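Participant: Throw the hints in and build the complete structure from the sequences for me.
Residue numbers (the working numbering): 1 to 354.
Hints listed in this document are in silico derivations from the structure and should not be mistaken for laboratory results.
Please read all numbers here as calculations on a predicted model, not as lab measurements.
Accuracy of the hints is not assured; some may be wrong.
List time: in silico EDC-like cross-link candidates among lysine to aspartate or glutamate, alpha-carbon distance up to 16 Å [stated by the list, open to error]: (1) Lys192 <-> Glu132; (2) Lys86 <-> Glu121; (3) Lys109 <-> Asp181; (4) Lys312 <-> Glu277; (5) Lys192 <-> Asp154; (6) Lys127 <-> Glu89; (7) Lys232 <-> Asp243; (8) Lys64 <-> Glu239; (9) Lys90 <-> Glu121; (10) Lys127 <-> Glu150; (11) Lys169 <-> Glu61; (12) Lys169 <-> Asp207.
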Amino acid sequence: MTTGTDPEIRHDWTEDEVRALFELPFNDLLFRAQTVHRQYFNPNEVQVSTLLSIKTGACPEDCKYCPQSGHYNTGLEKERLMQVEKVLEKARAAKASGSTRFCMGAAWKHPAEKDMPYVLEMVKGVKALGLETCMTLGMLDQDKADRLAEAGLDYYNHNLDTSPEFYDKIITTRSYQDRLDTLHHVRESGMKICSGGILGMGETATDRIGLLRQLANLPQHPESVPINMLVKVKGTPLENAEDLDKLDFVRTIAVARIMMPASHVRLSAGREQMSDEMQAMTFFAGANSIFYGECLLTTPNPETHRDLQLFKRLGINPEQRISDTDETQEQAIMRKLQAEQDSVLFHDANRHSQ
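Facilitator: Now the structure itself:
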């Protein structure tokens, strides 16, 4: 097992090693996670994404946590696939509010061929706005993955949700292997992967270990790892699930950061139920990505101005996207970093001369 705070990227984590991380004293775990985090990321930057539901409701899957499942009566109105221009309007607004990535989600088991031309136009249009693009459309075969990649899709989201052992207690309409196959197709197409899970569905600590092992032991770590806290929706089978211990959630964030040190760990669904203090603790534990805006698909999310106020209080800035070809932007950021360093040196010299 890697000792100390060495942020070695590994793909061979054992259950005992991950359990040992979870069982560290809380302060030691957070210190180790923060130390690893600082070796890969600016500790005071958080990547900001906006998520839009481009097709809502009547999903044929039976995921027990999901209000969009057609198996449950949650009062959610079924909506058709949004028009491309409507999606682009939302993307423009997201960019204006500070988002650097625009994620589009459709309640499908898999995208139908008749919908692919519209989906591909959405990708091209959002990409043309200068935003990173992400979609979650259900399962993909290799052909559809390749076409999305060719259109310019940067990220594909497909969560594993939980451990292989607990999975069939939550979903029966697609297998765990189906999810792993989709991730394989996405990776083969050259796109980046966004994949994580949900906590608070009645899983055990061993299941949380199993989820993180599955993600960290993939041949290549997901570039983005969303950690969701269950949002209990009336009408779903999990509406009365036992509340998750908030410190267990923070622990999972910290362990994910240690196991996948170069990945963005996203504080995702469930932020509406988190206090500012809890969110601050997750950022210290290594979370460095959030969804921005008032709605996360069909469930509430903290309003944008609340996020900005919290960022200001914590001294956090939205992470800026750097294009590989945008040398001007890179140079501007480097000048900013140099100015900050000079300011610190000036402050220290002034203090020592007094």
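Participant: Please go over all the hints and tell whether each is borne out by the structure.
Facilitator: Outcome of the hint check:
no. : hint              : in the structure
1   : Lys192 <-> Glu132 : 11 Å, holds
2   : Lys86 <-> Glu121  : 12 Å, holds
3   : Lys109 <-> Asp181 : 14 Å, holds
4   : Lys312 <-> Glu277 : 14 Å, holds
5   : Lys192 <-> Asp154 : 6 Å, holds
6   : Lys127 <-> Glu89  : 13 Å, holds
7   : Lys232 <-> Asp243 : 9 Å, holds
8   : Lys64 <-> Glu239  : 9 Å, holds
9   : Lys90 <-> Glu121  : 15 Å, holds
10  : Lys127 <-> Glu150 : 12 Å, holds
11  : Lys169 <-> Glu61  : 13 Å, holds
12  : Lys169 <-> Asp207 : 12 Å, holds
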